[in-house]
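Enquirer: What follows is each chain in one-letter form.
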Amino acid sequence: MSRRGFLGVAAAAIGGAMLAPGIQLIEIARAATPTGATGANPQVRWGMLIDTTKCASGCTDCVTACNTENGLDPKPSPTSAQWIRKIEIKEIKTGRQASAPVMCQHCAEPPCVDVCPTGASFKRADGIVLVDRHACIGCRYCVMACPYKARSFVHEELSEQKPDVPRGKGCVEGCTLCVHRIDQGNKTTACAEACSKAGHGAIVFGDLNDPQSEIARRVREIQTTQLRADLKLDPGVRYHGL
Amino acid sequence: MWRVLCSLVLALCAASAFAADESGRTPKPVIERALAGKTCVADAAFMRREHMNLLKHQRDDTVHGGIRGANAKYSLKECIECHASQKTASVAKAETNFCVSCHSYAAVKIDCFECHTSKPRALAQGVTK
Chain A
1 MSRRGFLGVA AAAIGGAMLA PGIQLIEIAR AATPTGATGA NPQVRWGMLI
51 DTTKCASGCT DCVTACNTEN GLDPKPSPTS AQWIRKIEIK EIKTGRQASA
101 PVMCQHCAEP PCVDVCPTGA SFKRADGIVL VDRHACIGCR YCVMACPYKA
151 RSFVHEELSE QKPDVPRGKG CVEGCTLCVH RIDQGNKTTA CAEACSKAGH
201 GAIVFGDLND PQSEIARRVR EIQTTQLRAD LKLDPGVRYH GL
Chain B
1 MWRVLCSLVL ALCAASAFAA DESGRTPKPV IERALAGKTC VADAAFMRRE
51 HMNLLKHQRD DTVHGGIRGA NAKYSLKECI ECHASQKTAS VAKAETNFCV
101 SCHSYAAVKI DCFECHTSKP RALAQGVTK
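Chains A and B, in that order, give the protein sequences.
For what it's worth, our numbering labels the leading residue of the first sequence as 1, then goes sequentially.
For what it's worth, our numbering labels the leading residue of the second sequence as 1, then goes sequentially.
There could be a bad hint or two in this list.
[Claimed, not checked] Some residues of chain A that are not near chain B, with every Cβ distance over 10 Å (derived):
1) Q43
2) K86
3) R167
[As the list claims (entries may be wrong)] So, partial list: chain B residues that the calculated Cβ filter (under 10 Å) puts toward chain A:
4) R25
5) P27
6) T62
7) V63
8) H64
9) G65
10) K77
11) D111
12) E114
13) C115
14) P120
15) R121
16) A124
Simulated from the structure, these hints should not be mistaken for lab results.
For glycine and all other residues, C-beta sits at the position ideal for the given N, C-alpha and C.
Modelling step: build the complete structure from the supplied sequences, incorporating the hints.
Expert: In structure tokens form, the structure reads like this:
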């Protein structure tokens with residue numbers, strides 16, 4: 001065997017040896033993810049549909065509901081954590097205006113998870129992207145990586161947190177899709193509930209994977225877009241009428 | 001003579017240690033009674049030794065796996081529900097409260113309550129339900 005041939009075979013052998021443990025690790029990681037009737041269900045993909053044609057300009061019911069539900073600052077300062085915000089957009093050439101809430105888009109390929117050095121930023125089996133505050137070191141790489149500006153940093157010590165929503169200084173946080181509600185069988189988020197109660201019905205929350213769900217039916221019937229679809233992050237939040 | 005002196009000193013030391021213990025000069029953690037009429041998820045001796053491991057496993061199952069409510073056996077929230085003080089409505093506010101009394105005795109600083117509320121659901125501020 002020539003020297004070059006030998007090196008080629010050796011490289012292939014090493015490559016194979018490296019691949020096999022990698023595959024095993026992935027299998028172990030998948031097996032470790034709790035599945036079954038309780039907890040995050042991998043068959044589910046939670047998502048939201050935001051109908052901007054129904055979203056009233058200047059209305060902040062969803063933002064208020066989010067702040068109340070999660071114990072955020074009711075009167076936010078510029079440095080307060082912000083999980084959902086209202087944006088007003090205008091097509092300059094035509095003058096057409098639209099209003100929409102923007103929050104964590106719960107990407108299928110979340111860049112915040114890619115950049116997190118500690119594994120604190122993670123995606124649950126049911127597609128919800130969260131921060132594990134026990135592992136978060138507050139480096140804010142995820143804040144930089146997120147193209148939707150969905151993550152906030154808690155700068156000051158907090159008190160009187162909600163029992164269901166622990167929050168604290170030095171950690172990054174963002175929309176949790178009201179995970180504490182969903183895990184206990186509640187079928188809607190605080191923002192979607194407030195929007196429906198106010199009579200707008202601009203936010204639909206549900207399982208995108210369930211063909212019978214309202215959200216799946218609506219996204220099947222009407223044209224919807226993902227924000228910055230060019231980034232191919234496959235967000236779970238879709239917008240109609242942008 | 002030397003042997004007698006040694007034994008005398010030893011006896012005195014033992015006596016003083018015993019006296020200190022008897023008179024209660026050694027501080028002991030004050031364990032406040034939990035809410036009456038309920039039993040803990042495991043017996044007290046096991047919980048005293050293992051609660052930190054149980055809570056650590058539970059937190060990973062809850063945060064990553066979404067195991068909450070009735071399925072979360074060792075939930076910190078449920079600990080607080082029963083063990084919050086009747087006076088301060090907290091497990092960590094005063095020195096005598098359930099979590100702090102032992103941890104200050106053992107000189108263990110816990111940071112659970114920098115993020116988690118130390119009050120039970122009914123008494124935590126801002127709960128509108």
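Enquirer: Hint by hint, note whether the structure agrees.
Expert: Tested hints:
1. Q43: holds, 13 Å
2. K86: Given that every Cβ of chain B is farther than 10 Å from that of K86 (chain A), nearest at about 22 Å, it holds.
3. R167: Answer for R167 (chain A): violated, closest chain B Cβ roughly 6 Å.
4. R25: violated, 36 Å
5. P27: Hint on P27 (chain B): violated, closest Cβ of chain A at ~28 Å, above 10 Å.
6. T62: Check passed: Cβ of T62 (chain B) comes within 8 Å of chain A, closer than 10 Å.
7. V63: It holds, given that the least Cβ distance between V63 (chain B) and chain A is near 5 Å, below 10 Å.
8. H64: holds, 7 Å
9. G65: holds, 4 Å
10. K77: holds, 5 Å
11. D111: With Cβ-Cβ at 8 Å, under 10 Å, it holds.
12. E114: holds, 5 Å
13. C115: holds, 3 Å
14. P120: Check passed: Cβ of P120 (chain B) comes within 7 Å of chain A, closer than 10 Å.
15. R121: holds, 5 Å
16. A124: holds, 5 Å
The structure fails to meet hints 3, 4 and 5 from the earlier list, while all remaining hints are met.
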